[in-house]
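Novice: One-letter residues, chain by chain:
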Amino acid sequence: MSIIIDEKKSVIVQGITGREGRARTKLMKEFGTNVVAGCTPGKGGDSVLDLPVYDTVLEACNYAESYMGETVDVSVIFVPAALVKTAAIEAIEAGVKMLLLVPDRVPVWDAMEIYAAASSNGARFVGPNTLGVLSPGRAVIGMIGGRAQSAREWFKVGHVGIISRSGGMTSSCGYYLGRAGVGLSTLVHVGGDSVLGLRIPEVALMFESDPETRAIVVFGEIGGSQEEQLAELIATKKVTKPVIAYIGGVAAREGTRFSHAGAIIEGGKGTHAGKVKALREAGAAVVSAFGDLPEATVEILNRHSIPLQRSGS
Amino acid sequence: MARLHEYQGKALLAQAGLNVPRGSVAASPDEAHRVAADLACPVVIKIQAWTTGRKAMGGVAFASTPGEAGEAAQRLLAMKVGAFPVEQVIVEEQLPIEHEVFVSMSIDDAARRPVLLLAVTGGSGIEDRVADVNRIAVGVDGSIERAGVAAMLAASRIGAKVQPAVVDAIARIAALARKIEARSLEVNPLVTTRDGRVVAADCRMTIDDYAVFRHAELGIDIARELDHPPTRLERIAYAIEQDDHRGTFYFAQLPPDPGKPLIGFHGAGGGGSMMSMDAITTAGFSIANFTDTSGNPSVAKVYRAARIILAQSGLVGYFGSGSGVASQEQFHSAYGLAKAFVEMNLAIPAVIRLGGNSEDRAVEILEDACRDLPAPVRGFKKDDTPAKCAEEFSQLVRQCGCKPAAMTRCVPGFVGSARARSFPISGGRVWIDVDNCDDAVTETAVRHSAGLFKNELGKPALAVAEEEVATKDSELIACEIECRRAGYPVVFVDLPVPGLDDT
Chain A
0 MSIIIDEKKS
10 VIVQGITGRE
20 GRARTKLMKE
30 FGTNVVAGCT
40 PGKGGDSVLD
50 LPVYDTVLEA
60 CNYAESYMGE
70 TVDVSVIFVP
80 AALVKTAAIE
90 AIEAGVKMLL
100 LVPDRVPVWD
110 AMEIYAAASS
120 NGARFVGPNT
130 LGVLSPGRAV
140 IGMIGGRAQS
150 AREWFKVGHV
160 GIISRSGGMT
170 SSCGYYLGRA
180 GVGLSTLVHV
190 GGDSVLGLRI
200 PEVALMFESD
210 PETRAIVVFG
220 EIGGSQEEQL
230 AELIATKKVT
240 KPVIAYIGGV
250 AAREGTRFSH
260 AGAIIEGGKG
270 THAGKVKALR
280 EAGAAVVSAF
290 GDLPEATVEI
300 LNRHSIPLQR
310 SGS
Chain B
0 MARLHEYQGK
10 ALLAQAGLNV
20 PRGSVAASPD
30 EAHRVAADLA
40 CPVVIKIQAW
50 TTGRKAMGGV
60 AFASTPGEAG
70 EAAQRLLAMK
80 VGAFPVEQVI
90 VEEQLPIEHE
100 VFVSMSIDDA
110 ARRPVLLLAV
120 TGGSGIEDRV
130 ADVNRIAVGV
140 DGSIERAGVA
150 AMLAASRIGA
160 KVQPAVVDAI
170 ARIAALARKI
180 EARSLEVNPL
190 VTTRDGRVVA
200 ADCRMTIDDY
210 AVFRHAELGI
220 DIARELDHPP
230 TRLERIAYAI
240 EQDDHRGTFY
250 FAQLPPDPGK
260 PLIGFHGAGG
270 GGSMMSMDAI
280 TTAGFSIANF
290 TDTSGNPSVA
300 KVYRAARIIL
310 AQSGLVGYFG
320 SGSGVASQEQ
330 FHSAYGLAKA
340 FVEMNLAIPA
350 VIRLGGNSED
360 RAVEILEDAC
370 RDLPAPVRGF
380 KKDDTPAKCA
390 EEFSQLVRQC
400 GCKPAAMTRC
410 VPGFVGSARA
420 RSFPISGGRV
430 WIDVDNCDDA
440 VTETAVRHSA
450 GLFKNELGKP
460 ALAVAEEEVA
470 TKDSELIACE
480 IECRRAGYPV
490 VFVDLPVPGL
500 DDT
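Going down the list, the protein sequences come from chains A and B.
When we follow numbering that gives the first Met the number 0, the leftmost residue of the first sequence carries the number 0, and every step to the right adds one.
When we follow numbering that gives the first Met the number 0, the leftmost residue of the second sequence carries the number 0, and every step to the right adds one.
The following block holds chain A by itself, in its conformation from the complex (with noise of 0.2 Å):
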């Protein structure tokens, strides 16, 4: 198992006739991804990389129902920041189930007014400003790895659950376990933001409940309570499962945003040294330097007998 993503789950892309959409389907396709539909209003009728393209979210369902047979589970939205929240609505109210919001520059009052609609029509969603979700040797939807075949080299299959407040750091922190022969059961990078529809903590249990999944690495950062709710977790023993975690911004000064707009430290609260305290306190393994990770994390699979790569299947 996986989570959120897998080879069977159908998945629409909003936005497939722009240019990212379009790169991002060839990409998703050729790792196996089962993407069956696309929309952009006003392109209804077209088709990209053989997908027919429809002007709704809703007849895209409908298609994905009638001539297939399937139902869909996932839309991944590629529009322009300003129209996210609209696309996302859309889907919610589509009924689909999933989202992955991968636009940067998301208003946060619209981040929170997506967050509403689907809490009260019972869907989630990763991002907005995320690269997505990767299961090695499964499928991926967003766009980490870049190519399909460099996101095959990268990452190998195994029983590591990636979570990344980074886009850049989940593909990094992937490869670096793969090249210490670590392989992995999924890559979530949960987006930059400070509103986020999945978080940390949410998805440390959702590896807690996976089965393949048996160790989580962190890439955290300064800004926000993800890390010290997740800190609270593993001291509830609600994440049991063993954490090892590296968190960015030791450098980073109060009051000024470092790229990611989550990333701020703001009234004393979210700094580094919080961060890395509750999460040791918990019994998180913290490494200082990145570069330790890999080093970190096979040492720990060791210890709890865990294999470092999951073989067949």
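I should point out that these hints are in silico values taken from the structure, not numbers from a laboratory.
Positions of the beta carbon are idealized from the N, C-alpha and C atoms, including for glycine.
Among these hints, one or two may not hold up.
Derived list of chain B stretches under chain A, where covered just means 3 residues or more per stretch with a C-beta under 8 Å from a C-beta of chain A [as the list claims (entries may be wrong)]:
1. 104 to 112
2. 174 to 183
3. 222 to 232
4. 279 to 292
5. 319 to 325
Please build the complex by placing chain B on the supplied structure of chain A, with the hints as guidance.
Specialist: Chain B in isolation, oriented as in the chain A frame:
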């Protein structure tokens, strides 16, 4: 700026129907004197600066007469907050305060909804009075549950008569936060006065950077969350980001760490940049700036980012590193950096970690294009850790004497010449030195032009319409660098950085 000054915030509060103290902003002692004279009552004078604890640093003064107000303003306007001089003060009526209420709207990242913190006992020392702070849920439409707030006030010492007006003020604050898409909006304190008014005595507001585009009415010129007013280079960088939406370019200057060698920092990707910043500061350097170009930026954007980084004085080196395993094709960055380094005839060492897709090609482009520069330029790949790159960088900086170097932009002689072939592109102009193009040179240029040039009677000429080439800066810069690598520097893409290159 996404942070508003007190006087700007108060204007918004007044528009939203709240009472604010009578008064005005002043930029000189004379102005302050005039404002105080108009008010004809005892006044308070406060510096307008993005900082808390203004009172403790001596940034707040009281005056009974216009003369005193002028003197106080003179003293306050001579202050500095950090490196930034105080440019304005606010001069306001002193309020006959009866009770103070702490009102603070912020975004609860865990709940993914706005939250209003309320303390009916006022805001001073609020950090240590957790028990006094009540959390009021705010809807994503900016609405609050009035009954809950009313119940809280009913249990307070605030007079019953004025309570409804306090509830109303709090509801208006929450609605204003929604309207202007604030990330935080604090009114501390909201006061009741002995004459029965409810007044917003002070405020702090931060607008969501990503929503600034739909709030022209706020007059925010730089939507960037910084702890200081934007510097000249930050303004130049921000303008570039506004003119070119391909990828992201983030640039913030940081106060130097005295005694440590100062370097330019160029990251790629938020997390990777932060991790690399940590690695290079751990190696003992002070970074002059935090920069991130990511999200598949155009080559022009990477080039301009490098130019702005190099415009900082006192740098002894240039360190670039991102996540190290980038999904985006790394040769684009290599072309942009190579162009900036060549143009500036780079005289300080540079180490760039170009790990990710097409890294072999990227490192080869960068190192080869920069092979004749005064200072060494080294590229690294994904298997090189940031700590290792930082170590290599330290050695290069030491070998080069760890000293700053003056650099000026060098533009080839054929630029502007009537004999050169030239055409405009978005944000600049391309020049081709046709006099120095024989068949072999022309063929080289055509081969590296991604189909934009053709061989016309032995000289490179546009193969497509001028409109079509206007946005092809990435391909054209690649062509310029490839011709240079081949030993034929006959193509030059002139992309002046507004504010840096115009005199």
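Novice: Confirm or reject each hint.
Specialist: Now for the hints, and whether the structure bears them out:
{"no.": "1", "hint": "104 to 112", "verdict": "holds (count 5)"}
{"no.": "2", "hint": "174 to 183", "verdict": "holds (count 4)"}
{"no.": "3", "hint": "222 to 232", "verdict": "holds (count 4)"}
{"no.": "4", "hint": "279 to 292", "verdict": "holds (count 5)"}
{"no.": "5", "hint": "319 to 325", "verdict": "holds (count 5)"}
Hint compliance for this structure: no hint is broken.
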